[in-house]
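Could you slot chain B onto chain A? The hints should help.
Chains as they are written, first to last, in our numbering: chain A, 1 to 408; chain B, 1 to 408.
Be careful, since some hints might not be right.
[Claimed, not checked] Residues of chain B placed beyond 10 Å of chain A at every Cβ, according to the derived structure: (1) Ile4; (2) Asp62; (3) Met121; (4) Asp129; (5) Arg155; (6) Met216; (7) Asp218; (8) Phe341.
[Stated by the list, open to error] Pairs of lysine-lysine, DSSO-like flavour, derived with a Cα cap of 30 Å: (9) Lys123(A) with Lys82(A); (10) Lys259(B) with Lys337(B); (11) Lys401(B) with Lys401(A); (12) Lys164(A) with Lys260(A); (13) Lys82(A) with Lys337(B); (14) Lys376(B) with Lys82(A); (15) Lys211(A) with Lys49(A); (16) Lys376(A) with Lys401(B); (17) Lys49(A) with Lys337(B); (18) Lys49(B) with Lys337(A); (19) Lys49(A) with Lys49(B); (20) Lys376(B) with Lys49(A); (21) Lys337(A) with Lys82(B).
[Unchecked claim] Pair ranges (Cβ atoms, derived): (22) Arg83(B) with Ile365(A): 21 to 31 Å; (23) Arg155(B) with Met121(A): 51 to 61 Å; (24) Ser90(A) with Gly382(B): 23 to 33 Å; (25) Gly81(B) with Ser289(A): 19 to 29 Å; (26) Met368(B) with Ser90(A): 28 to 38 Å; (27) Gly22(A) with Ser362(B): 17 to 27 Å; (28) Gly81(A) with Ser205(B): 45 to 55 Å; (29) Arg83(B) with Ile4(A): 50 to 60 Å; (30) Ser362(B) with Ser289(A): 43 to 53 Å; (31) Gly81(A) with Ala288(B): 16 to 26 Å; (32) His386(B) with Thr5(A): 53 to 63 Å; (33) Gly138(B) with Ala343(A): 51 to 61 Å; (34) Gly382(A) with Gly344(B): 49 to 59 Å.
Treat the hints as calculated values from the structure; they're not laboratory data.
Where a beta carbon is used, it is the ideal one built from N, C-alpha and C, also for glycine.
Protein chains: 2
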Amino acid sequence: MEKITGGITAAQGFKAAGVHSGVKYRSLDLGLVTSDVPAKCFIGYTTNKVKAAPVQVMMESDPRELQAFVINSGNANALTGKRGIEDVHSMRSHAASALGIDDEELVGVISTGLIGRFLNMPKILYGIDRASKELAYGYEADSDFAEAIMTTDTRKKEVAYRVKLEDGSLVTIAGVAKGSGMVSPHMKVLHATTLSFVATDAVLSEKFISKWQETMDDTFNMISVDGDQSTNDISVLMANGLAGGDCADEDPNFITALKKVMGDLAYMVVEDGEGVTKVIEVEVRGAASGECARSAVKSIIRSPLVKTAIFGSDPNYGRIMMALGNSDCDFNVDDVKLTIFGAGIEVPILEYGTPVFEDQRSVDIVRMAMEGDAVKISVTLGDGEHSATGWGCDLSYDYVKINAEYTT
Amino acid sequence: MEKITGGITAAQGFKAAGVHSGVKYRSLDLGLVTSDVPAKCFIGYTTNKVKAAPVQVMMESDPRELQAFVINSGNANALTGKRGIEDVHSMRSHAASALGIDDEELVGVISTGLIGRFLNMPKILYGIDRASKELAYGYEADSDFAEAIMTTDTRKKEVAYRVKLEDGSLVTIAGVAKGSGMVSPHMKVLHATTLSFVATDAVLSEKFISKWQETMDDTFNMISVDGDQSTNDISVLMANGLAGGDCADEDPNFITALKKVMGDLAYMVVEDGEGVTKVIEVEVRGAASGECARSAVKSIIRSPLVKTAIFGSDPNYGRIMMALGNSDCDFNVDDVKLTIFGAGIEVPILEYGTPVFEDQRSVDIVRMAMEGDAVKISVTLGDGEHSATGWGCDLSYDYVKINAEYTT
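The following block holds chain A by itself, in its conformation from the complex (with noise of 0.2 Å):
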């Protein structure tokens, strides 16, 4: 497994465009991705009640085979009822007739930005057309692309691997996402809605749907900036085949490289959560089950109080436990352990569910290690055999601030 240069068009047969149609004030708004020929694909939707109207379209039409996918951002295209509806089916018609694409169901559609305002469809259908006329492979492509579908973010967020499968062939492994930081204030959207797209010339077949939403539930379903689910949340993995060879399905270092890529990317999320300071990763090992890791771990990294206190390097490490002890997860506290790396310092904190130190010396060397840019919180259950593993970002002034300022 190789890490390469390059964007979503690393892959063979993929193309992308990013245009400015003119829903943002001045930024790029509209992205397009095509594949050369139809690709398997493979999609996760946001789970929240209340859906956009291009999320509902597309877990309605379900397809197995894309070809195209239109994202716009500055909005959401959600709480816009029917119309909302009727639009996604406009930008979906008006993509495939652009591109010569004679199944409209081949083309994928998302919306991010505000919620609860209607699309303004001349300017999104201008923007189609002058991305599908813009197509094209390699760095500018790219990272148009990946600009295009920014809203709060301050960087794009690309990453591409070159890995060789058990039968000798070589395939890429492309992604872009986005989420989560201010790009310019009088823009600034709704929420960090996180969309991430992965293009593939690996052969895929429809069976590998399961290993897609394990790669997402060790991956984006791992982080979390605020703890506010987004009603617009994508993840799409487009796979063409064009780099032939035989079926990678269980092939495990395709299967490593894409997580990798989802790892990768999922990592710049919160990197550039809004108003990070501090990456923080949280560990949970030694749980009876897998689904009780993974509670425990968001559990940790949603607390607000963690957060903050890792925001002032302020060594509370109870909240921890606090925040530990109001997961689904089921344990002993008197078998806990708890143990916080930063600034290339490791410091055991809780042995047996309590402290191992008490004087004010030790206090310091915790404040220390949280003082670094990224904060690890290790916590050891018991004798269990499940893990998982979770990031997030602190909160601080700039977060509130952020989300605090008018919406137009």
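Same frame as chain A, now just chain B:
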């Protein structure tokens, strides 16, 4: 039902004291409340799986009667293992002996403050001795007690009502609570544990426990400052029966007045929430079940994106729907009605799940409503019969400041 001046000793036969034991640097930090005769008691505890030592001891002894309750602030006696448990027993037996109570199980104990440190027992025992000598009733005793149990609170929280029961007898219900604000940064404690104590001279039977659960469910269990449940929460009702009369278990006037006392105390907690600038009230109607309505209320009240929007008077109502969609409550978006009240203005936002307006003037009106000191969000989900109401507060720069500062 008549509101009267006074705190915890307003009900007959109750005495209280609040003293400085030295656990905190300067403020009162140890409170004691007693009843002249053993009082029936009804207690709710935190459901956090990490429970402070006094919570563990109280849950295990599960008392039906209490004659005294000792509370220390400044240290939560949580994550303190076996030594913490022993310290609770010492506090209990010491208080029983100082008060001349034969059965130490008639003494309740709770702590609030920093997690993960051992109690300074010489100071605590000294404090108990001193408090037991200073027991009194009236304004000063009430006030000292209310102050001694505070941590980050900025003001004491007490309320009392006199109510005429159906049999004509007159009883008093008096309550005191603590929770959630900054007293003094260098003594800032872990988090907004809520403690609430209600004393009444009404006659109650053991069967009243289910009514106490209902009362907590409609009041303290419906508030949130940061969504992080404490390791130390406790809610205690003591009924000594000294007012005489019939058993008030089923008396509607008593139940209404008790709910009013607990509701007032709970509201005082969010009004003094850490960093609060606005109180948020969320009402959900038309739900298919009470559980569904409560889940919907809590999801909205805990959302950082809703809280920051209200802090900034940002009319980003889409966030309310996003939060609603993340609750455990099932509903059809197309049935949802959303209204915001504030600053004396009522603004309809959604009808049948879609915005009722789209021009800038309407958005400005939403912002004006959100600029009020108290913002009310009213959601109707459908034609279900169930409803729930909850209270929270906004998320401000000061919340981050209070919680990012060094523990000691």
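We went through each hint and held it up to the structure:
Look at Ile4(B): its CB is around 37 Å from the nearest CB on chain A, clear of 10 Å, so calling it non-interface holds up. Against the 10 Å criterion, Asp62(B) stays outside the reach of chain A, whose nearest CB is about 20 Å from its own CB. With a least beta-carbon separation of about 14 Å from chain A, Met121(B) lies farther than 10 Å from that chain, consistent with its non-interface assignment. Residue-level check passed: Asp129(B) sits 26 Å from the nearest beta carbon of chain A, beyond 10 Å.
Taking the minimum C-beta to C-beta distance to chain A, about 22 Å, the non-interface status of Arg155(B) holds against the 10 Å cut. With a cut of 10 Å on Cβ distances, Met216(B) stays outside the contact zone with chain A, its closest approach being about 18 Å. The claim that Asp218(B) is not at the interface with chain A holds, since no C-beta of that chain comes within 10 Å of its own (minimum 21 Å). Look at Phe341(B): its CB is around 18 Å from the nearest CB on chain A, clear of 10 Å, so calling it non-interface holds up.
About 20 Å separates the Cα atoms of Lys123(A) and Lys82(A), which keeps this hinted pair within 30 Å; it holds. Our distance criterion of 30 Å between C-alpha atoms is met by Lys259(B) and Lys337(B), whose separation comes to about 28 Å. For a cut-off of 30 Å, the pair hint linking Lys401(B) to Lys401(A) stands: about 13 Å separates their Cα positions. About 14 Å separates the Cα atoms of Lys164(A) and Lys260(A), which keeps this hinted pair within 30 Å; it holds.
Proposed proximity of Lys82(A) and Lys337(B) is supported: the alpha carbons are some 16 Å apart, at most 30 Å. Restraint check: the Cα-Cα separation between Lys376(B) and Lys82(A) comes to about 28 Å, which is no more than 30 Å; the hinted pair holds. The suggested pairing of Lys211(A) with Lys49(A) holds, with an alpha-carbon distance near 24 Å, which does not exceed 30 Å. Simply put, Lys376(A) and Lys401(B) have alpha-carbon atoms about 22 Å apart, close enough for the 30 Å limit, and the pair holds.
Using a Cα cut-off of 30 Å, the hinted pair Lys49(A) and Lys337(B) holds, with the two alpha carbons roughly 15 Å apart. Straight-line distance between C-alpha atoms of Lys49(B) and Lys337(A) comes to about 15 Å, which keeps the hinted pair within the 30 Å bound. Between the alpha carbons of Lys49(A) and Lys49(B) the distance comes to roughly 29 Å, so the proposed pair stays at or under 30 Å and holds. Proximity of Lys376(B) to Lys49(A) is assessed by CA-CA distance (about 23 Å); at most 30 Å being required, the pair is judged to hold.
At most 30 Å may separate the alpha-carbon atoms for a hinted pair to count; Lys337(A) and Lys82(B) meet this at roughly 16 Å. Between Arg83(B) and Ile365(A) the beta carbons are some 23 Å apart, a value that agrees with the proposed interval 21 to 31 Å. The given range of 51 to 61 Å is respected by Arg155(B) and Met121(A), whose C-beta atoms sit roughly 54 Å from each other. Between Ser90(A) and Gly382(B) the Cβ separation comes to about 30 Å, which falls inside the hinted range of 23 to 33 Å.
Taking the beta carbon of each, Gly81(B) and Ser289(A) are about 26 Å apart, inside 19 to 29 Å as hinted. Judged by the Cβ atoms, the range 28 to 38 Å given for Met368(B) and Ser90(A) holds: they are separated by roughly 35 Å. The beta-carbon spacing between Gly22(A) and Ser362(B), approximately 23 Å, falls within the hinted interval of 17 to 27 Å. Here the CB-CB span from Gly81(A) to Ser205(B) is close to 54 Å, well matched to the stated 45 to 55 Å.
Taking 50 to 60 Å as the suggested C-beta distance range, the pair Arg83(B) and Ile4(A) conforms, at roughly 57 Å. For the hinted restraint 43 to 53 Å between Ser362(B) and Ser289(A), the CB-CB distance of approximately 49 Å keeps it satisfied. Distance hint for Gly81(A) and Ala288(B): a CB-CB separation of about 22 Å, consistent with the stated range 16 to 26 Å. For the pair His386(B) and Thr5(A), the beta carbons lie near 57 Å from each other, so the given range of 53 to 63 Å is met.
Here the CB-CB span from Gly138(B) to Ala343(A) is close to 54 Å, well matched to the stated 51 to 61 Å. Between Gly382(A) and Gly344(B) the Cβ separation comes to about 56 Å, which falls inside the hinted range of 49 to 59 Å.
The structure is consistent with each of the numbered hints, conforming to all of them.
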